[in-house]
Amino acid sequence: VCFLWFSDLQVEVPERVIEGDEVTLTCKTSFSLSYRPTFTWYRNGHYLSSRTDQLHLQPVSSDNKDRYRCAVLGLRSPEVTLNVRYLQVEVPERVIEGDEVTLTCKTSFSLSYRPKFTWYRNGHPLSSNTDQLHLQPVSREDADRYRCAVLGLRSPEVTLNVRYGPKSVSVSISPSGEIVEGRSVTLTCSSDGNPPVEYNWIKGTSSVGKGETYTMKEISSVDSGEYKCRSSNEHGEKLSEALTLNVLCEFVFICSSCSLFCRNYLL
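Residues in the sequence shown are numbered from 1 upward in steps of one, following the UniProt record's numbering.
A couple of the hints might just be wrong.
[To be verified] Subject to a maximum C-alpha distance of 20 Å in a straight line, what follows is the list of computed SDA-like cross-link-like pairs (lysine to any residue):
id, residue 1, residue 2
1, LYS28, ARG51
2, LYS28, ASP63
3, LYS65, TYR42
FYI, nobody ran anything at the bench for these hints, they're computed from the structure.
Take the sequences, apply the hints, and build the full model.
Encoded structure:
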């Protein structure tokens, strides 16, 4: 197939292309078409399936550095490259509770003056109007969704991941009420932390188990005592308040002259 270069056949692109937009490229001719011919589209020299005068790209990415051209009736347009504008919020790679943290609104284009930036937290505008948002000191309550905007452009949302040591360690027991020997009892530890915490169980001064729950089957009076849960991650550890476990003896009658004994003592 022989193609002619014709300067009035061109790919028309939107004046402003923003990352995430649905973009339509149009093959424009300087001459009228009495019928609907088949158009051909190329990306980086490779044929695309679109056969009309429009090529739809959805959504576009800032990584899109491809070259596009169209052809019709033996004519080929010059190649065009999309100039995708984008904003993005830069966050520190590692954020620990108590740090002084700065979020930065980065643009893909140069600014000849200092425009007003707008920051959003969970969709609500904040008071900062520069390209930086300062969180000093940062807390786990700041682990929200942030985005910035300038000159009609909006960045995608980013989530701030705040790491912190264990908080609010507590222990519960099931079943509740009186604990009689021979029954099964489960202690459960709960705590908040990021990254997720690990649990260790302590009776007195001795470690007796690991994991979120600690189960004692066929409990006996020797299991009585104070239990604590230690919650830990790479940012620290914290102990729960002590839970005192009193195991009641299950009495049985032994009859010759009939005496009352604790079942555990007969085992």
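Going down the list of hints, with the structure as the test:
1. Of the supplied pair hints, the one linking LYS28 and ARG51 holds, its CA atoms being roughly 14 Å apart against a limit of 20 Å.
2. For the given pair, LYS28 sits about 26 Å from ASP63 by alpha-carbon distance, which is inconsistent with the 20 Å threshold.
3. For the hint linking LYS65 to TYR42, the alpha-carbon distance of about 14 Å falls within 20 Å, and the restraint holds.
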